[in-house]
Each structure stands twice: as structure tokens, then as C-alpha cells.
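Enquirer: Assemble the whole structure, with the sequences as input and the hints as a guide.
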Amino acid sequence: EAAAAVSDKIHQLPKRNGLVPIFINPNTGTFLQHATITLGARGDSYYEYLLKQWIQTGKTIN
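Under my numbering, the letters of the sequence shown match residues 273 to 334, in that order.
Any given hint could be a false lead.
[Claimed, not checked] Quick list of simulated restraints, FRET-style, between CB atoms:
| no. | residue 1 | residue 2 | range |
| --- | --- | --- | --- |
| 1 | K331 | Q305 | 27 to 35 Å |
| 2 | F295 | A274 | 15 to 23 Å |
| 3 | Q305 | H283 | 26 to 34 Å |
Just so you know, these hints were derived from the structure itself, not from any lab. We treat Cβ as the ideally placed atom computed from N, Cα and C, and that holds for glycine.
Expert: Written out as C-alpha cells, the structure is:
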């Protein structure tokens with residue numbers, strides 16, 4: 273349940289051109305305003321986990 277709550281929170285955060293920054297403020301749970309967006313190290317992991325989560329939940333997450 274905790275992982276689902278975190279996932280829901282991240283999905284609800286505003287994105288920049290559909291992409292997410294690589295840093296989240298641990299106190300507020302929001303993306304840092306001027307954080308880097310990258311598909312390199314660290315940044316691609318988010319998208320890999322989205323796919324894994326979708327597969328593990330029976331492809332039911334929108």
C-alpha cells in the first residue's frame with residue numbers, strides 16, 4: 273500500500289513536457305523546480321520502473 277501511495281503521488285505531480293525531473297524534495301514530495309531532466313543515469317530508471325509496475329499489476333495502471 274505504501275508503494276502504491278508513492279506511485280500515485282508521483283503520477284499526480286506536474287511534469288515538464290511529459291517528462292519528470294530526477295530529484296524529488298523529500299520534505300514536500302514535489303519535484304525540485306530547477307531539477308535536471310535526463311534519460312541518462314538515474315533518469316531512465318523512473319521509466320523502467322513504470323513499465324515493470326504496469327506489468328506486475330496486470331497492465332491495469334493508466
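Enquirer: Going back to the hint list, which numbers does this structure go against?
Expert: Hint 3 contradicted; others consistent.
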